[in-house]
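With the hints as a guide, dock the two chains, each given alone in a separate frame, to form the complex.
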Amino acid sequence: MADISMREAYGRALAELGAVNSRVVALDVDTSMSTLSHYFAQRFPERFFNIGIAEPGMVDVAAGLALCGQVPFINGFAALLALRALEQIRTCVCYARTNVKIAASYAGVSDFKDGATHYAITDLANLRALPGMTVIVPADAAEAAAWVPLVADYDGPVYLRLSRAGALPIHPAGSFLQVGKGRILRTGSDLTLVATGAMVGRCVLAAEQLSAQGIQARLVEIHTLKPLDSELLLEAAEETGALVTAEEHNIIGGLGSAVAEVLAEGCPVPLERIGIRDRFCPTGRDLDTLMDTCGLSVDAVVSAAKRVLERK
Amino acid sequence: MKTMTPEKIAELEEIARQLRVDSLTLIHQRGAGHPGGALSAAEIMAALYFHVLRIDPTNPAWEQRDRFILSKGHASAVLYSALTRRGFFPFSELDHWGELDCPHQGHPERLKTPGVEMTSGILGHGVALGAGLALAARLNKLTYQTYVMLGDGECQAGIVWEGAVTSAKYRLANLTVIVDNNDVQLDGFVHDVMPMEPLAGKWSACGWHVIEVNGHLVRQIVEALELAQEMHDGPTVILAHTTKGKGVSFMENQSYWHGNVPNKEQLLQALAELGEVANG
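Heads up: the protein sequence lines correspond to chains X and E, in order. If you count the first sequence from 1, position 61 lands on 61 in our numbering, and the numbers rise without skipping. To convert a position in the second sequence, counted from 1, into our numbering, add 1000.
Please note that the accuracy of each hint is not assured.
Some, not all, of what chain X presents toward chain E, calculated at C-beta under 8 Å [claimed, not checked]:
(1) V61
(2) C68
(3) C92
(4) D292
(5) T293
(6) S297
If you are wondering where the hints come from, they were derived from the structure by calculation, not from laboratory data. Note that beta-carbon positions come from the ideal geometry of N, C-alpha and C, so glycine has one too.
Isolated chain E (complex conformation) (with noise of 0.2 Å):
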């Protein structure tokens, strides 16, 4: 395992914070995105860009790249956030999100966004879509990791499964899921709107094997996804427990904010709260 020092710690954790600071930005501007879920993912999209993925933003077609999907597509505005920041392409490009004219779609395509994977935006098609990655570097002799991030409302889908015990079938080590685990989705609480604990036992039934954590403490998930590969014999699901609209704190558990816009005096008091300096 990479040695997370402090330092390396404090570092990813301000760079949650500034993924989350764009992600608002970004929504504000286009006056249209999902913030809740961006923002309940920061550390592990942190985590994953820049610190565990192997990839390189001068060459996106990369053979031995890792692979990233992020299934909860409707959480573009941090993986958009995320890819810039690494280097994929000028976060001015952004400025433009939501003209007709921009390449970044409104739900992440993979034939527009360099860095991203797969397109996604319709939710559940991540696990199987790994599998089918899992496999062929198993077939073409390549040591890339699949990583898919799920949304935990998402594993309401039936496709999920059919993903999830395809996966064990075949016994993909090279894939790991992470689940956002944040308990709301667009209508209300997911254990109100259709309850799917246990979870970790669903996942565990399927022959995966469950690691959980606090999904916004960096060093919990950075040791779950190396620990993630030293499991051998079969795929591995990071549940990761999170926070809808983490970090500002009227966005924080409430289903309204999973896909509204912040205003411009709400966007102020979300940037003042996450300690961003606001100019203007």
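Looking at chain X on its own, in the form it has when it is part of the complex (with noise of 0.2 Å):
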């Protein structure tokens, strides 16, 4: 799945889905074509509900459907659903334990060409902090796909985190996942990286560019933002003693902040934390540029691993 973006991959796996599970419905609002939800509706109208501009209703809407046992996909662009319908998740999804699926896309600053007003760089915090959520962030296309079918088996509320935007290929089709479960893509004792999202693709090439230079650096693909993996991160604390985390999201309150959490409280190591800089970013021509600008580059995380390893 190299060639295609996360939201085409999800888009195909959620139609897919509808084929084999009665149970799915879909809402949009008026962002179809963007999330690319249409796959579905177009397959499966009359499970289909566009609701229009309008992420709180949607909410609502499916959480509805949801007490009657259908499963929702609610489809829209992250900034607006972990913002503007934040308090219908917490009250109709989380704390009534709704089940229902929240399809966040155009997440990070994925929506390069539209600028801060789209780009969700609070929402692994805003979500993070809900009791009841689970929190997954894919790293690539496949992974994304892959995740269709486990989240609507999963019993409950789902924030399922994706780009507007294709990210470097990481895992084969069928890899193993598991809700809550991290996975080590890369073994190394010198230092850890802590990766999510698209973030796991560029701290692939960082982790080959220490090698070159001798440092062997395990890398840890968290997708699971909440229920977070601590014991994988404690054990690479412990064995490694020093780590690099990688976000596309704002530095405070996201995956950073969720690691920093856990090694304060079970094994204080060095952290250093890559992500954007608590500001809002431009428009940019095209994603690559645009990360590299926000302070999310390759060389920004091979910096960081110098920086934390002094630190040892």
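So this is what it looks like as structure tokens:
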């Protein structure tokens, strides 16, 4: 799936899921041609509901559907779902524990042409803080597709964070996924890179650069930010003694914060965090350059790795 | 339509009176709650829970049951009173309302109280939730009706209208909204805080059938609820004109009694006005 975007992979997977699970319904907010929930809409028009530009209303309609046993996937832009509809998600999905699946597209800065209004750089912080929410961030298109049936089968609310774009392909189709279980993608004992989403691919490249310079970095993918795989992180801290986190998200409240919480309580080793440094990012001509500009470059990861090693 | 005999009307009126007595007693015992909007909704709740709703207290999860969402969740006292009198749980449980180990929360919570269809408390959710329940009935070929009660102040929340246009788009004839239209909210009169009139025109413009009734006359309420079921091409809203604090002279039309608690003396006066013989 190297050649397709995460949203394309998701959209196709959702339509496939609809064919095997009649309980699945999809909702969108006038963005079905963007989120690509329209693949589902075309095949199952009786199970697709376009609510118009009304994210809060969509969340509540989905909660109502879930009360009667439907499995609603709600589709929209992450920035709006995580902010404008956050109260609805808290009250009617998390607190009421309705089985709503939130497919949050255009996450991070992946909508690079539209700018800061459309970027979602606080959604992981927003959603992670809600009791009862499970937060999942695929690293590439194949993984995004693989999560769709797993998320449907999972009992309870899920926030599935999707990029508009592609991401460096990491995973062969069919690789093992389990909610709450991080994955070691590369072994190493000098330090550990902990990455989520599109930064996983960039950390693969960073680890290769480091290796060429004689530094062996372990690479851990955290696809489930909540519940967090604390065991795997503490093991990495004990065995490698230094960590670098990397995420396409504000430096406050996301993966870096979550890892810092675990380390501070369980194994306080040096930690460096790669993320957006608490600012609104500009529009760009292409995503790769924009991400570099936002402090998410491969070089930034490499530099952070060297800094953290000096602190060991 | 079911025939409303004079005896049935008298029975529902008596239940409404009991719901008022129970609500005020519970709020007093707990030292917290919202009396005004519980009193204004008493006849509507009596009509729903003791005449209209197809529900089975011995089987709260019955798939075919009618769904009721109290969107104005702060009126939890009248909902709990109706549920316990209908047999969903023993009244004695409410003696502990407000204590940490009491299953029944300040505002309704579906996972803790049998018969509570949906968690509520933050205003505005009911219509869109109801739309989801009504769509689910259609998908699953179930014949249940979905009822939602809103406050008129609640109609100030924008999400109410997101739910309203969605319900109209999908022609959800199996959804009925009742607005407890008492013109009083926390800070004062609705017509001062943020005027919503013409409320009937707003709902009508959104594609809803509108029925207006006196919300303290059980015959009118029941007839409107039954008429709503005869509407097969779209959702219906019943604007039930009510008096906040109805039945207690010093509470009527007073925004103070939206969320304040009667002391012992006030409770006894209120119960006396409601025809309840005080027993100490």
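Cross-check of the supplied hints:
1. V61: Interface hint status for V61(X): holds (4 Å vs cutoff 8 Å).
2. C68: For C68(X), the interface hint holds, since the closest Cβ of chain E sits about 3 Å away, which is under 8 Å.
3. C92: 6 Å, holds
4. D292: Given a least distance of 39 Å, the restraint on D292(X) is violated.
5. T293: 36 Å, violated
6. S297: 41 Å, violated
Going through the hint list in order, the structure does not satisfy hints 4, 5, 6.
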